[in-house]
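**Student:** In case you want the letters, here they are:
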Amino acid sequence: MIKINTVSGVEALRKRLLKERKKFSATLSLCGGTGCQASGSRALIDAVKDQLVKQGVEKSVHVRLTGCHGFCEQGPIVVIEPGNIFYCHVLPDDADEIVSKTVCDGEVIERLLYTDPVSGKRIQTEAEIPFYLAQDRQIMAQNRHVDPCAIEDYIAIGGYSAIGKILSGTAPKAVVEEIKASGLRGRGGGGFPTGRKWAECREAPGDEKYVICNADEGDPGAYMDCGVLEGNPHLVLEGMMIGAWAIGARQGYVYVRKEYPLALERVRVAVQQARELGFLGENILGSSFSFDIEIARGGGAFVCGESTALIASLEGKIGEPRPKDVHTVVDGLWHRPTTLNNVETWANVPSIILNGSAWFASKGSNGSKGTKILALTGRIKNTGLVEVAMGTPLRNIIFDIGGGASNGNLIKAVQTGGPSGGCLPADKFDLPLDFEALAEAGSMVGSGGMVVMDEETCMVDVAKYFLTFLQDESCGKCVPCRLGIDRMLEIITEITEGRGHAEQISLLEELGYTVGETSLCGLGKTAANPVLSTLRYFREEYEAHINQKQCPAGVCQALITYGIDSEKCTGCGVCKDACPHEAIMGKKKQAHTIDLHLCQKCGICSSDCKFDAIQVH
Amino acid sequence: MSPELLDSILEGRRSQPHQLIEVLHDVQEHYGYISEDAMKTISNDLGVPLIEIYGVASFYKAFSLKPRGKNVITMCTGTACHVRGAKPLLNQATSQLGVQPGETTQDGLFTIEKVNCLGACAFGPIVTENGDYHHDMSPGKLRKLIKSLHPTRTEETSHD
Amino acid sequence: MLQYVNMKIDGGDFRATKGSSVLDVAIEYGICIPHLCHVPNLSEIGACRLCIVEHVVNGRSKVTTSCTLLVKEGMVIRSNTEKIKKLRRNIAELLVAQAPNSRAIQDIAVRCGVKEVRYPFRNENCVLCGRCVRVCSELFGAKAIGFVGRGKDRRVEPPFGVLSDLCKHCGTCIDLCPMTFNPCEGYMKSGEEHLCGKCESQMLLADNLPESCVWCELGEGFQCSRY
Numbered sequence: 001m002i003k004i005n006t007v008s009g010v011e012a013l014r015k016r017l018l019k020e021r022k023k024f025s026a027t028l029s030l031c032g033g034t035g036c037q038a039s040g041s042r043a044l045i046d047a048v049k050d051q052l053v054k055q056g057v058e059k060s061v062h063v064r065l066t067g068c069h070g071f072c073e074q075g076p077i078v079v080i081e082p083g084n085i086f087y088c089h090v091l092p093d094d095a096d097e098i099v100s101k102t103v104c105d106g107e108v109i110e111r112l113l114y115t116d117p118v119s120g121k122r123i124q125t126e127a128e129i130p131f132y133l134a135q136d137r138q139i140m141a142q143n144r145h146v147d148p149c150a151i152e153d154y155i156a157i158g159g160y161s162a163i164g165k166i167l168s169g170t171a172p173k174a175v176v177e178e179i180k181a182s183g184l185r186g187r188g189g190g191g192f193p194t195g196r197k198w199a200e201c202r203e204a205p206g207d208e209k210y211v212i213c214n215a216d217e218g219d220p221g222a223y224m225d226c227g228v229l230e231g232n233p234h235l236v237l238e239g240m241m242i243g244a245w246a247i248g249a250r251q252g253y254v255y256v257r258k259e260y261p262l263a264l265e266r267v268r269v270a271v272q273q274a275r276e277l278g279f280l281g282e283n284i285l286g287s288s289f290s291f292d293i294e295i296a297r298g299g300g301a302f303v304c305g306e307s308t309a310l311i312a313s314l315e316g317k318i319g320e321p322r323p324k325d326v327h328t329v330v331d332g333l334w335h336r337p338t339t340l341n342n343v344e345t346w347a348n349v350p351s352i353i354l355n356g357s358a359w360f361a362s363k364g365s366n367g368s369k370g371t372k373i374l375a376l377t378g379r380i381k382n383t384g385l386v387e388v389a390m391g392t393p394l395r396n397i398i399f400d401i402g403g404g405a406s407n408g409n410l411i412k413a414v415q416t417g418g419p420s421g422g423c424l425p426a427d428k429f430d431l432p433l434d435f436e437a438l439a440e441a442g443s444m445v446g447s448g449g450m451v452v453m454d455e456e457t458c459m460v461d462v463a464k465y466f467l468t469f470l471q472d473e474s475c476g477k478c479v480p481c482r483l484g485i486d487r488m489l490e491i492i493t494e495i496t497e498g499r500g501h502a503e504q505i506s507l508l509e510e511l512g513y514t515v516g517e518t519s520l521c522g523l524g525k526t527a528a529n530p531v532l533s534t535l536r537y538f539r540e541e542y543e544a545h546i547n548q549k550q551c552p553a554g555v556c557q558a559l560i561t562y563g564i565d566s567e568k569c570t571g572c573g574v575c576k577d578a579c580p581h582e583a584i585m586g587k588k589k590q591a592h593t594i595d596l597h598l599c600q601k602c603g604i605c606s607s608d609c610k611f612d613a614i615q616v617h
Numbered sequence: 001m002s003p004e005l006l007d008s009i010l011e012g013r014r015s016q017p018h019q020l021i022e023v024l025h026d027v028q029e030h031y032g033y034i035s036e037d038a039m040k041t042i043s044n045d046l047g048v049p050l051i052e053i054y055g056v057a058s059f060y061k062a063f064s065l066k067p068r069g070k071n072v073i074t075m076c077t078g079t080a081c082h083v084r085g086a087k088p089l090l091n092q093a094t095s096q097l098g099v100q101p102g103e104t105t106q107d108g109l110f111t112i113e114k115v116n117c118l119g120a121c122a123f124g125p126i127v128t129e130n131g132d133y134h135h136d137m138s139p140g141k142l143r144k145l146i147k148s149l150h151p152t153r154t155e156e157t158s159h160d
Numbered sequence: 001m002l003q004y005v006n007m008k009i010d011g012g013d014f015r016a017t018k019g020s021s022v023l024d025v026a027i028e029y030g031i032c033i034p035h036l037c038h039v040p041n042l043s044e045i046g047a048c049r050l051c052i053v054e055h056v057v058n059g060r061s062k063v064t065t066s067c068t069l070l071v072k073e074g075m076v077i078r079s080n081t082e083k084i085k086k087l088r089r090n091i092a093e094l095l096v097a098q099a100p101n102s103r104a105i106q107d108i109a110v111r112c113g114v115k116e117v118r119y120p121f122r123n124e125n126c127v128l129c130g131r132c133v134r135v136c137s138e139l140f141g142a143k144a145i146g147f148v149g150r151g152k153d154r155r156v157e158p159p160f161g162v163l164s165d166l167c168k169h170c171g172t173c174i175d176l177c178p179m180t181f182n183p184c185e186g187y188m189k190s191g192e193e194h195l196c197g198k199c200e201s202q203m204l205l206a207d208n209l210p211e212s213c214v215w216c217e218l219g220e221g222f223q224c225s226r227y
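Chains as they are written, first to last, in this note's numbering: chain A, 1 to 617; chain B, 1 to 160; chain C, 1 to 227.
Calculated directly from the structure, the hints in this document are not laboratory data. For each residue, glycine too, the CB sits at the ideal point set by N, CA and C. Please note that the accuracy of each hint is not assured.
Stated by the list, open to error - Heads up, simulated DSSO-like pairs for lysine-lysine below, C-alpha to C-alpha not over 27 Å straight-line:
| no. | chain 1 | residue 1 | chain 2 | residue 2 |
| --- | --- | --- | --- | --- |
| 1 | A | 587 | B | 144 |
| 2 | C | 85 | C | 115 |
| 3 | A | 525 | C | 85 |
As the list claims (entries may be wrong) - One side only, chain C facing chain A, incomplete, derived with CB under 8 Å:
| no. | residue |
| --- | --- |
| 4 | 42 |
| 5 | 46 |
| 6 | 151 |
Turn these sequences into a full structure, and let the hints steer you where they fit.
**Tutor:** What follows is the structure, encoded as C-alpha cells:
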C-alpha cells in the first residue's frame, strides 16, 4: 500500500476502489463475529471459497468475512448482494448450492431463508426481517460491508472522510463545539456528556495529552464493544483521531480485553494498515497533525472499566481506582490531561462530523441523543446485537426486536446495565431507553447489556449472581465495597438457603445504601443496584424465600428437590448415566427415580433430559 | 523455562516500567504461567520492585502463578450464560474432574477456569477448551468433550 | 510563602493552608472526623472511608473522603450530619465485625456510635488499611511488603509470601498497625462475641460536643492523628 499524503488522495482512492468493485457480479458477506465463529463460520468461509474456485467464479465474486451482523441467534449468517438475500444457520455443506444456485443463477434457496416465527412465512431479504426492521442501525449496519482486516473496505464505504473533512480546515475548538451540540453522551455506562469532557480536557493546561479507548468491556452478558471493535475497527480509530485533533493529543491507547482475542487481533491489523496508508503517524494526510495509537491488553479485571483503574493498568500497575477529586481530563495518564471514552462513543464521532450535530440530535429523546447498541440476551427468541434510537420503549426492544420469550414462558423482568444496573419488572417496560428514565427506576442504561428473564428465573438468585460477580471483581481497596458486598452476599446466601429472617431485608437495604454512598469508585457506588432493584420490584420473592422457605422460580438449590415425572420418562437412561452422584435408578425403558438422599441438586440430569421429565418441586 | 525466550520478550521493553502488564501477558502466553524466577528477571530488567510485580501478577485474572494443566476448560459464567444454565455445566466439570475452578488436576491434565464473558452471549452457555469455542453446551456434551480430550483418564468422581 | 484559602466546615469559618486536605484542617482545628488509613506524612489512599464528609457544591452535597479532598477557596463542608453519622456508623460496624479483637477497631466503632453489630464476627487479623505498606515503601523505600491478590483475597504480603532481605526489621509497620492493640478485656472467646461497651462512657462528653475533638481516650486507641 502506498502512503496517502493529501486529503484528496483519500477521495481518489475511494473512487478507484468503487470502480474496481463494480466488476464483481456478486458479493457474499459472511458473519465472522465471535458468536458466528463459535457456531462454525470459519469452516463455512473455507467451503465457500473452495466452491467458488471449483465452479470457476472466484474472480467475479467478492467474498468477505465481516464482523457481527447482529442477529447472532441465526448464525452463521450469509448475506448476498445483489438482492440482499439473507441466509441463516448456514452449514459448510450448503456452500456448493449457494454458489451454484444463488451466486451463479440468482436462484433463492428456500430452506436457508429466515422463517418469521409469528407468521411462519419465509423472508427473503435482510431488510424485511422484523428483527432488523424495528432497529435504527447507524453503526451496526456498516459491519456487513466491511472486512475488518481490509482498510479498503472501510474507505470504500466513506471511511476516513470525516478526518479528511476536519484536516481540510475545521478548527479543534469547532470540533469540540460540534460534539457538544450533538448531545452525545458516554456509551460506557456513565452517560457523561462527551463534548464537555473534550472541552475540559482541551482547556486543561499541559502540552502532552492523551486519548484512550476503553475496550475493556467487562459486563458479563454484554458484547456491544466487542461487536464494533471486531467488526469495524477503523471506525473507532477514526473517532479517536478526531478526538485527538480536538483536544490536542499526539498519542492514543486502545485498552482491549484479553478475553476478546478476535477484537485484539483485528484492531492490531487495523492500526498497522492505518499507519501504512498514512492515517496514523507523523503529518497525517500531509497536515501538521501527528498522532499514533498503541494497543494494550487488559488483564481480566472488571474494575479496569473504571477510568482511573484503567489508567493505572496502562501505567503497568495494579488496576486500583483512585479518588476522583481531580478528574482524569486534568490529571490522567502519567498525570497528564486524558480523554477516555468507550468504544461505542468513539464509533459515533465520525458520523457526527460528517452528518452534523443536528442530524445526530434529531434521533433520541430529550436528554439522550443518537442511537445505542444493546446486547439483547437471556430467555428471549431473538438474541443478538441490536441498535435503536435512544428513547425507544423497552417493550419494543424486547417484543418487536427480541420476539418475546424463547419458550412461551411469561417474561417477568429485564436486567439492564449489567452488574451496575438493575432489574426492571414487566410493568416498567413502557419506560424509554433513556439515561435519566432508567436511573429513576433504579436501573441504568449502562453499557447496553439487556438480559431478559422469565418466570423460571429467580430474582434473589440473580441478585446473588451479581453479588458473587462483584465480590470477585472488587479490587478490595475500600472498606464499603470489599466488606459491604461480602456481607450482602452472606445475607443473600442465607436467604437463598432458607436460613434468612425478616429483619435481613431492611439490613440489606441499609447496607446497600451505605455501599452506594461511600464506596471509592463507580464499581462500588453501583454495586448495590442489583440487590436494591430486586428488593424494590420483587420483594415478594425475597419474602417467599424467607417466610415460606420456597423458591417460586425453582432455582435455589437448597429449597428445591428434583423428581422424575413417570409419565414423561421414557427410561432412556441418559440421566442415570449423567448423574455424577449415582442418585438415579431405574431399568431401561422403565420410568427412573431419584434417590433424594444421594441427590446433590446439581441440575445436570435436568439439563440433559430431552423429554422434560425431570421436575423441580 | 528457556531464558532466551524471556530475553526476547523483554527485548525493547527494558527500563520501561509501564510495559509490565504487556510483558506478563507474553510470559503467560509462552510459558503457561508466571514463575518466581521470571518475576525476578522482569523486576531487574524493567526496573520495577519485585513486590509490585507480585502484586500485579496476583491481581489480574489473566495471570496464573502456578503451571496450568495440559487442557484448559474455560466456563463462561456471564449473565446470559448463567440464565441459560451455566451452573449445571460447572457442576459437571468439577464433579467429573474432581477439582474446583482455578485448580489443576493432580495428573496435570486439566485446569478448570471461570470467565465472566466471552462475547458470544447469544450462543450460551459457552465453554471453551484450549481456546476453541463450544456453544449451546449441556452437561452431557461437556462430559463427552472432556472425555474426548483424554479418553484413558479415569474419572475422579467426588461424592462430597 | 504559604498561601491560604477560606472555607466553611459545619458552619464555622476556617483559614486553611493551600494544598492541605480537609481532614488536615479538621484535625488542626480540633474537629472530630474519625479516620483509620490516614497517617500524617504518608500518601492518602481513601481506603477506610471513615473520614467521609458532605462536600456542598452548587447546593448539591456529595459524600467524599476528607483525606483526599484538597481545600479550595469558598469550600463548604459538612462533617457531622445525620447522613454522615449513619454512613460512618455502618462502615465502622463492617470493620469491627471483621476484626473485633482489635482495641483500635473497637474504639473506632464506639466513637462512630456502633451499639450493636448485626453481622457474625470474623476474627481477621488485618483490615487492609495499608498503613504498613505505605510506611515501608514511602518512608523507608524498602518495598518489602505490598498488597497482593484482589477483592476478598487481597492481603498484605512480602514477595511470594516469604520475608526477604528487603525487610530491614525496622518494625515501623508493626508500630502503625491497628491490629496490635489487644482489647482491654483481652481476646474474645468464641461464643462471647460482643462489644463490651465500657468505653461508651468516653462518649458522654463527645455526645454533647459532636463536632469537636474532646481528646477522648478512644482517639488515642485508634491512633487518631491528633495524638
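**Student:** Each hint needs a verdict: does it hold in this structure or not?
**Tutor:** Outcome of the hint check:
no.	hint	verdict
1	A:587 / B:144	holds (23 Å)
2	C:85 / C:115	holds (13 Å)
3	A:525 / C:85	holds (18 Å)
4	42	violated (15 Å)
5	46	holds (4 Å)
6	151	holds (5 Å)
Hint check: a violation occurs at hint 4 only; the rest are consistent with the structure.
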